[in-house]
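Participant: Counting from 1, position 37 in the sequence shown corresponds to residue 37 in this note's numbering; the numbering is continuous, with no gaps.
Think of the hints as simulated: they come from the structure by calculation, not from any bench. C-beta atoms are modelled at their ideal positions from N, C-alpha and C, and glycine is treated no differently. Check the hints yourself; a few may be wrong.
Claimed, not checked - Straight-line alpha carbon distances no greater than 27 Å define the calculated BS3-like cross-link-like pairs of lysine-lysine that follow:
(1) LYS141 with LYS129
(2) LYS40 with LYS9
(3) LYS141 with LYS70
(4) LYS129 with LYS40
(5) LYS9 with LYS68
(6) LYS70 with LYS129
What the hints assert, rightly or not - Derived DEER-like restraints, expressed as beta-carbon distance ranges:
(7) VAL13 with ARG82: 51 to 57 Å
(8) ALA131 with TRP19: 37 to 43 Å
(9) GLY101 with LEU15: 19 to 25 Å
(10) GLU43 with ALA131: 20 to 26 Å
(11) THR4 with GLU43: 27 to 33 Å
(12) PHE20 with GLU43: 30 to 36 Å
(13) ASP111 with PRO65: 19 to 25 Å
(14) SER100 with LEU8: 18 to 24 Å
(15) GLY74 with HIS107: 16 to 22 Å
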Amino acid sequence: MSPTTEILKAIVVALLGGWFGAWITSIRAKWTAFSSDYSKRLEQGFVLIDQLSECSCLWWERIDPSDKLKVNPGYIAGLQSRLTTFIQSMDDDYSGFNTSGVDQAYHDFTDECTGGLFPEKDAVVASGKSAAILNNAERLKAQLFAVRRRDYSMRLNIKKSRAR
């Protein structure tokens, strides 16, 4: 082989290697950004679960906090609605996220938080209501972690925007 052929061969190999390296780096960067977004959204959901459980416990235990909003039934119902929207948006945005994996834990948690509907303040509070709320909050978070572990693979993709 002539020196010119050797140089051309080296240039082609270098270009292919550079292109392949750039392609791999691009995929890794996209995956890192995607997985970071997915994790951050789940963490926001965990904070929302904690807020809802705290406010519900305060309401059921008739604790008078300095922030009256926390024991307002309308506010608690709003937090529950935000949680519903969060779970639905995760299902809409991520193809691997499946709400059926968290449905039962979600319904158990929200039923404990509101008792279906808020009764009058004079109603007898069942003993251990706060414990049940906190236990169901942890079960829901555990189910979300299970979905996260199961779906933390390359098959989890951001869903394409649907026509709404």
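Participant: With reference to the structure, classify each hint as holding or not holding.
Facilitator: Hints versus structure:
no.: 1; hint: LYS141 with LYS129; in the structure: holds, 18 Å
no.: 2; hint: LYS40 with LYS9; in the structure: violated, 46 Å
no.: 3; hint: LYS141 with LYS70; in the structure: holds, 21 Å
no.: 4; hint: LYS129 with LYS40; in the structure: violated, 30 Å
no.: 5; hint: LYS9 with LYS68; in the structure: violated, 75 Å
no.: 6; hint: LYS70 with LYS129; in the structure: holds, 17 Å
no.: 7; hint: VAL13 with ARG82: 51 to 57 Å; in the structure: holds, 55 Å
no.: 8; hint: ALA131 with TRP19: 37 to 43 Å; in the structure: violated, 59 Å
no.: 9; hint: GLY101 with LEU15: 19 to 25 Å; in the structure: violated, 46 Å
no.: 10; hint: GLU43 with ALA131: 20 to 26 Å; in the structure: holds, 25 Å
no.: 11; hint: THR4 with GLU43: 27 to 33 Å; in the structure: violated, 58 Å
no.: 12; hint: PHE20 with GLU43: 30 to 36 Å; in the structure: holds, 34 Å
no.: 13; hint: ASP111 with PRO65: 19 to 25 Å; in the structure: holds, 23 Å
no.: 14; hint: SER100 with LEU8: 18 to 24 Å; in the structure: violated, 57 Å
no.: 15; hint: GLY74 with HIS107: 16 to 22 Å; in the structure: holds, 21 Å
Hint compliance for this structure: hints 2, 4, 5, 8, 9, 11, 14 are not met, and every other hint is.
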